[in-house]
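With the hints as extra help, turn the sequences into a complete structure.
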Amino acid sequence: MPHTVMVVDDDSDILDMTRIVLEGGGYRVLRARSGAEALRTLEQSRADLILLDINMPEMDGWQVLRVLKLDERTTAIPVAMFSIKMEVRDRLHGLQEGAFDYITKPFSTEDLLQRVRRIFETLERRVPA
Numbered sequence: 020m021p022h023t024v025m026v027v028d029d030d031s032d033i034l035d036m037t038r039i040v041l042e043g044g045g046y047r048v049l050r051a052r053s054g055a056e057a058l059r060t061l062e063q064s065r066a067d068l069i070l071l072d073i074n075m076p077e078m079d080g081w082q083v084l085r086v087l088k089l090d091e092r093t094t095a096i097p098v099a100m101f102s103i104k105m106e107v108r109d110r111l112h113g114l115q116e117g118a119f120d121y122i123t124k125p126f127s128t129e130d131l132l133q134r135v136r137r138i139f140e141t142l143e144r145r146v147p148a
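Using the numbering used here, the letters of the sequence shown map in sequence onto residues 20 to 148.
Think of the hints as simulated: they come from the structure by calculation, not from any bench. Any given hint could be a false lead.
As the list claims (entries may be wrong) - What follows is a list of derived Cβ distance ranges for each label pair:
#	residue 1	residue 2	range
1	Asp109	Gln133	18 to 24 Å
2	Glu42	Thr141	29 to 35 Å
3	Asn74	Asp35	17 to 23 Å
4	Ile39	Arg65	20 to 26 Å
5	Ser127	Met20	25 to 31 Å
Yeah, the Cβ is synthetic: ideal placement off N, Cα and C, and Gly gets one too.
As structure tokens, this is what we get:
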């Protein structure tokens, strides 16, 4: 059964591109255009990884990440943050908040797919046999 990746971004072009890339890589994709929509979707569906944009209206990615990490149903789901910010302090902030990875936009389709694969490979190595 393929892994399910949720992509949360208010930019429909990013949502479309990531869906095409990830489905081409064999993943099932859930999409949400806002943090609130992502949280509602996760009440009904399960994701194995969340790709979460930081800069969104209403509820930004940091707020969504905090909610995810406080909820026992979602706390174990790895989250990779999307951002146009490339400064080291932004990356460190993401990791301190509980993000698994930090992906700078714009990104290449190959880089996105490799990072997602690497996250799942890392997680599979952590699971005790």
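Hint-by-hint comparison with the structure:
no.: 1; hint: Asp109 to Gln133: 18 to 24 Å; verdict: holds (21 Å)
no.: 2; hint: Glu42 to Thr141: 29 to 35 Å; verdict: violated (22 Å)
no.: 3; hint: Asn74 to Asp35: 17 to 23 Å; verdict: holds (18 Å)
no.: 4; hint: Ile39 to Arg65: 20 to 26 Å; verdict: holds (22 Å)
no.: 5; hint: Ser127 to Met20: 25 to 31 Å; verdict: holds (28 Å)
Comparing the model with each earlier hint shows a violation of hint 2 alone; every other hint is respected.
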